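With the sequences and hints as input, model every part of the structure.
In the order they appear, the protein sequences are chains A and B. To convert, note that position 51 of the first sequence is 50 in numbering that gives the first Met the number 0; the numbers rise steadily by one, no gaps. To convert, note that position 183 of the second sequence is 182 in numbering that gives the first Met the number 0; the numbers rise steadily by one, no gaps.
Rather than coming from a laboratory, the hints here were simulated on the basis of the structure. Honestly, I wouldn't trust all of these hints.
Put simply, identical chains are the same to the list, so a pair is met inside one copy or across any two.
Stated by the list, open to error - EDC-like, lysine to aspartate or glutamate: derived pairs with alpha carbons at most 20 Å apart:
(1) K67 with D210
(2) K40 with D13
(3) K52 with E115
(4) K266 with D229
(5) K52 with D120
(6) K248 with D210
(7) K248 with E226
(8) K266 with E180
(9) K40 with D120
(10) K266 with E20
Computed from a predicted model, the values in this text were never measured in an experiment.
There are 2 protein chains.
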Amino acid sequence: MKLAAGVFIMLRTDLSDVTPEIARAAIRTDDFTGPTTGIAKGYLQANLVILPKSDAYDFLLFCVRNPKPCPLLDVTDAGSPQPLQAAPAADLRFDLPRYRVYERGQVVAEPTSIAEWWREDLVAFLLGCSFSFERELERRGIPMRHWQAGTNVAMYRTNRRCLPAGRFHGPLVVSMRPIPESRVAETVEVTSGFPQAHGAPVQVGSPPELDIEDLDRPDWGDLPRSEPGDVPVFWACGVTPQAMIQESKPGFVITHAPGHMFITDLKI
Amino acid sequence: MKLAAGVFIMLRTDLSDVTPEIARAAIRTDDFTGPTTGIAKGYLQANLVILPKSDAYDFLLFCVRNPKPCPLLDVTDAGSPQPLQAAPAADLRFDLPRYRVYERGQVVAEPTSIAEWWREDLVAFLLGCSFSFERELERRGIPMRHWQAGTNVAMYRTNRRCLPAGRFHGPLVVSMRPIPESRVAETVEVTSGFPQAHGAPVQVGSPPELDIEDLDRPDWGDLPRSEPGDVPVFWACGVTPQAMIQESKPGFVITHAPGHMFITDLKI
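What follows is the structure, encoded as structure tokens:
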């Protein structure tokens, strides 16, 4: 059941300072099914990609060759939904608020659990997420406009290409945060210290350089809200594998729904 | 043809400040077949592991799960001996001074080229090497005792276990450098800035903690030479995959001979 926006904002506030275990429990029971930005602050959040073992080598190599959009946090053993390094008590079949099931590059379902799609040959990959550095930026008084608006961050397909690996190829996807001009240098410096969360921005201030024509038409997430004097700052984004899946069209993949991340036990 | 020790020392001195291209040319023609420590200073050196595609996923995952001993620099496409990211003009079949060919965990040959073993299903992995930070330590006046002695660094099997991945499991191997006690803190600080070259030491000062009984009996490399007041400092080592191969006994693997590394085009 998807909650109404008001309830979602209330719940997100409630969950902002809880432990990852409590946040995942609320998610597992579908009491929370919204975007996870701002939840369980202080813990790394992760993008999820699940593939059959037969495609796992090409995808693992894709991540190794493209560490900025795809920083690897954990890879499960085939058939196991347990991320032993990132959160050993979690179950990746239930513990994300919303998933996307892809067949030949098309989304065929957006469930809140993937128990009925689970198979013994599936391997799950957890990749770092830029939500992880948002708390540190906010702590320094650098405003997160999408937090203030209670929306998902805006994400865009770019003209930059990832290094291909085997059958997998696709564009770099970026997330964008409007940052007050006077805080841009500090923002770059701070986020460069988070290599497991995409690190430093890939572009500052010029959407056309990434072939982004209109910031008000994001490819994923919500319409961004800027204040006067804000500069658009772009980070490599963990939705990059989803754009790669749409382009490469492997037979079967499950991911998180954009913005609806896995909350790990790993401290930032 | 293996060169006599005197010629080897002379050649190594000659090659210490050349470009990677010139160093690899001398190696390709077998004019140089010795350990590469101190050669082409300022460029990353790399450990080599070559496996059939059928074992490549488990090995790639082994590296991702054990980044300290196995920092990935490059992975070739199956059948290609060209490391596109680390040195696109190189050929991994000829450009290392000496190789080890393993069958079921046993060394069956130590050739200076692997042209006759090359197959279309082979994948080559390049892993960072601690030789890369030695130059920076020496530049700061922290002595590299094995450089002074003209020997290979000493390497030891430890009681620590790597995280297993699929069919692959084995112990952590470390390299040891005797460091003057007054420079140990600086040594730790400097090397922690080289994550692609094994990073900070895993142990300082206590061989028994790693189950190393006798420093004068290294498992790989040469007898170490210490000066009074030196402390043994241990780093995760790129020979770790070779200990894993000896224990896991995959059908067919080629590696560099310990100490005889691949010289990349990547600047330190």
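Now the hints, each set against the structure:
1. K67 with D210: within (19 Å within a copy, 38 Å between copies)
2. K40 with D13: within (11 Å within a copy, 55 Å between copies)
3. K52 with E115: within (18 Å within a copy, 32 Å between copies)
4. K266 with D229: neither (30 Å within a copy, 37 Å between copies)
5. K52 with D120: Answer is both; intra-copy 6 Å and inter-copy 19 Å each pass.
6. K248 with D210: neither (23 Å within a copy, 50 Å between copies)
7. K248 with E226: neither (39 Å within a copy, 61 Å between copies)
8. K266 with E180: Classified as neither; 29 Å inside a copy, 34 Å across copies.
9. K40 with D120: neither (33 Å within a copy, 46 Å between copies)
10. K266 with E20: Classified as within; 13 Å inside a copy, 43 Å across copies.
Of the numbered hints stated above, those contradicted by the structure are hints 4, 6, 7, 8, 9, listed in ascending order.
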